[in-house]
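Here are the chains, one letter per residue:
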Amino acid sequence: MPNIKIFSGSSHPDLSQKIADRLGLELGKVVTKKFSNQETCVEIGESVRGEDVYIVQSGCGEINDNLMELLIMINACKIASASRVTAVIPCFPYARQDKKDKGFFDIPVDNLYAEPAVLKWIKENIPEWKNCIIVSPDAGGAKRVTSIADRLNVDFALIHKERKKANEVDRMVLVGDVTDRVAILVDDMADTCGTICHAADKLISAGATKVYAILTHGIFSGPAISRINNACFEAVVVTNTIPQEEKMKHCSKIQVIDISMILAEAIRRTHNGESVSYLFSHVPL
Amino acid sequence: RAPSSPPPEELTPPLYMNHTKGGLVIFTANSHASSRELGKRIAERLGVELGKVQVYQEANRETRVQIQESVRGKDVFVIQTVSKDVNTTIMEMLIMVYACRTSCARSITGVLPYFPYSKQCKMRKRGSIVSKLMASMMCKAGLTHLITMDLHQKEIQGFFNIPVDNLRASPFLLQYIQEEIPDYRNAVIVAKSPASAKRAQSFAERLRLGIAVIHGEAQDAESDQVDGRHSPPTVKTTGAIHPSMEIPLLIPKEKPPISVVGDVGGRIAIIVDDIIDDVDSFVAAAETLKERGAYKIFVMATHGLLSCEAPRFIEESAIDEVVVTNTIPHELQKLQCPKIKTVDISMILSEAIRRIHNGESMSYLFRNIGVDD
Numbered sequence: 098m099p100n101i102k103i104f105s106g107s108s109h110p111d112l113s114q115k116i117a118d119r120l121g122l123e124l125g126k127v128v129t130k131k132f133s134n135q136e137t138c139v140e141i142g143e144s145v146r147g148e149d150v151y152i153v154q155s156g157c158g159e160i161n162d163n164l165m166e167l168l169i170m171i172n173a174c175k176i177a178s179a180s181r182v183t184a185v186i187p188c189f190p191y192a193r194q195d196k197k198d199k200g201f202f203d204i205p206v207d208n209l210y211a212e213p214a215v216l217k218w219i220k221e222n223i224p225e226w227k228n229c230i231i232v233s234p235d236a237g238g239a240k241r242v243t244s245i246a247d248r249l250n251v252d253f254a255l256i257h258k259e260r261k262k263a264n265e266v267d268r269m270v271l272v273g274d275v276t277d278r279v280a281i282l283v284d285d286m287a288d289t290c291g292t293i294c295h296a297a298d299k300l301i302s303a304g305a306t307k308v309y310a311i312l313t314h315g316i317f318s319g320p321a322i323s324r325i326n327n328a329c330f331e332a333v334v335v336t337n338t339i340p341q342e343e344k345m346k347h348c349s350k351i352q353v354i355d356i357s358m359i360l361a362e363a364i365r366r367t368h369n370g371e372s373v374s375y376l377f378s379h380v381p382l
Numbered sequence: 503r504a505p506s507s508p509p510p511e512e513l514t515p516p517l518y519m520n521h522t523k524g525g526l527v528i529f530t531a532n533s534h535a536s537s538r539e540l541g542k543r544i545a546e547r548l549g550v551e552l553g554k555v556q557v558y559q560e561a562n563r564e565t566r567v568q569i570q571e572s573v574r575g576k577d578v579f580v581i582q583t584v585s586k587d588v589n590t591t592i593m594e595m596l597i598m599v600y601a602c603r604t605s606c607a608r609s610i611t612g613v614l615p616y617f618p619y620s621k622q623c624k625m626r627k628r629g630s631i632v633s634k635l636m637a638s639m640m641c642k643a644g645l646t647h648l649i650t651m652d653l654h655q656k657e658i659q660g661f662f663n664i665p666v667d668n669l670r671a672s673p674f675l676l677q678y679i680q681e682e683i684p685d686y687r688n689a690v691i692v693a694k695s696p697a698s699a700k701r702a703q704s705f706a707e708r709l710r711l712g713i714a715v716i717h718g719e720a721q722d723a724e725s726d727q728v729d730g731r732h733s734p735p736t737v738k739t740t741g742a743i744h745p746s747m748e749i750p751l752l753i754p755k756e757k758p759p760i761s762v763v764g765d766v767g768g769r770i771a772i773i774v775d776d777i778i779d780d781v782d783s784f785v786a787a788a789e790t791l792k793e794r795g796a797y798k799i800f801v802m803a804t805h806g807l808l809s810c811e812a813p814r815f816i817e818e819s820a821i822d823e824v825v826v827t828n829t830i831p832h833e834l835q836k837l838q839c840p841k842i843k844t845v846d847i848s849m850i851l852s853e854a855i856r857r858i859h860n861g862e863s864m865s866y867l868f869r870n871i872g873v874d875d
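Each protein sequence line maps, in turn, to chains A and B. Everything in the first sequence is counted per this note's numbering, starting at 98 for the first residue and increasing by one. Everything in the second sequence is counted per this note's numbering, starting at 503 for the first residue and increasing by one.
It is worth saying that the hints were derived from the structure and are not from the lab. Any given hint could turn out to be false.
[To be verified] Computed Cβ-Cβ distance ranges for the label pairs, DEER-style: (1) B:Y558 with A:D267: 33 to 41 Å; (2) A:M269 with B:A561: 18 to 26 Å; (3) A:E331 with B:N663: 56 to 64 Å; (4) A:V272 with B:G525: 46 to 54 Å; (5) A:D118 with B:A561: 28 to 36 Å; (6) A:S180 with B:I664: 25 to 33 Å; (7) B:N663 with A:V206: 22 to 30 Å; (8) B:Q838 with A:A236: 50 to 58 Å.
Keep in mind it's a predicted model, so treat the numbers as computed, not measured. Note that beta-carbon positions come from the ideal geometry of N, C-alpha and C, so glycine has one too.
Bound-form chain A, shown alone (with noise of 0.2 Å):
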């Protein structure tokens, strides 16, 4: 019977720790380096032979360089004859870059969902939830945001641009009412935070009392920071998919939801050959 082994790539140690942590299990060992010419070299430290491995990389930093580093510890738990291996991606990365080829896998994947830990956090987090609204800052996130409205028993609204002329700045029109009430702007990304800086703005100036972002990966590139800084949320909340500790330094309102147990229940439901769609709806204790 193989035994779990779950190796970290050097994207996200912390989140493998807290995932081998909740499975009650040491993570394995493993030499990831560059040599001089920086090419990626990997070592496996211990035998993974007939074993069910999992290798947790999450596409966030250095993409390139943590793309080839998971690409090489595949290959090389492969060829040291693991009985299966399972890449954990957190953040996938490219995954803009094709938004039509979502079907290119011949191998079973399956797309977690961070929105039963989302759920949680608002009915804990958020006072007012009973009364607030979810807003969606463009068009095409309407299906996500209309399946938390539900299960939360609340309105929602979206945001969607409108460009009136050929060479005219895009006009940013609010599509349902959030006078008094607290909205929730939920996304799936947050990489530049253009969208969602404006998309704050305008729902104070139509009459949004306080203003929350949550966003499954906080990606934070370039001018982030300091846009989220200049902005009025009340705070904006990501999960762990993408390390955040450096980035919470320089801005008090970024808060973090752990993910954790759902990828550790994740790979203990797959190991047991057990249904992982209750993950789907429900978050691990």
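Dock chain B against chain A, hints included.
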């Protein structure tokens, strides 16, 4: 089909290009400007403009490649040289190749003068054969042909299921020796370790010179250390093993002190190798050769990686000149160390591209290449 052109002893642009129905287009997928130099030179020799493409990194460090002309039905050549961000270089190339494939290019030939991760081509402990992974990724992305130069191990060609042309830089390096080293006839070709002895011999044969081989301590550079798997496994306890089944252990190799096999006294020493990266072993070899009486020391290598402090170490060492080709951009290193000289090999790459596009034989490019080169 166009008739073969006469042997290109002297190539003057523009060359005769067979304009097939689709034509050809040459791209460089490098985001760093210095890495595009070789591509520009090759395009000039072929009398074509480089294809329009934008390659850059977004704020979140993802690579983006945007091709700005049609490649449908064309023979595409992607010239990619390795920059200091090797993983990004690889991604740029893969994305470019895949984009061309999904845009219906007729064929996609990768021109990678230095094939990255070629030093990781053997099993080390519980490692991965990264060159094989590279080969699989490139073929999967849509590469239909590969042109490269002086592969670290020729067996890497076998990792690909597409044709691979492993061109040689040696004719250019040999020409440099004959034209730029005045008393080269008093030289000895040196292998800095037994591993490069074959290469040294193939150079020496063509110049009608003798060879010398350095052997001894300070040999095991990390990259070529192959300990593979211990087979049979090292015996830990004797308890469970029946005495008659004990398998004899391999005697560990002795590391003798440094010695030079061959005479370099009163001669010019020319150390030849395929790659010069970490220069510790070259510097140590030069010291040894100086002690044994060599009065001038050259290092000739195809690929000048020259990472980190290499230029400084060379400057401070007993080496008189380091000659590398332009397979890898090294302008920065040249500024730091005037002992570094460059040999331009764009001619053979452009000739290879021309012949492949016209469907002509490549064998002319491999004449005068010994079996051991």
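Here's how the hints hold up against the structure:
Between B:Y558 and A:D267 the CB atoms are about 24 Å apart, so this pair departs from the stated range of 33 to 41 Å. In this structure, A:M269 and B:A561 meet the distance hint of 18 to 26 Å, their C-beta atoms being roughly 22 Å apart. Look at A:E331 against B:N663: about 57 Å separates their beta carbons, and that is inside 56 to 64 Å. Remark: the range hint 46 to 54 Å for A:V272 to B:G525 is upheld by a beta-carbon distance near 50 Å.
The beta-carbon spacing between A:D118 and B:A561, approximately 33 Å, falls within the hinted interval of 28 to 36 Å. Distance hint check for A:S180 and B:I664: the Cβ-Cβ separation is about 31 Å, which falls inside the suggested range of 25 to 33 Å. Hint check: B:N663 to A:V206, Cβ distance near 26 Å, so the stated range 22 to 30 Å holds. In this structure the hint that B:Q838 and A:A236 lie 50 to 58 Å apart at CB holds, the actual value being about 54 Å.
The earlier numbered hint that this structure contradicts is number 1, and it is the only one.
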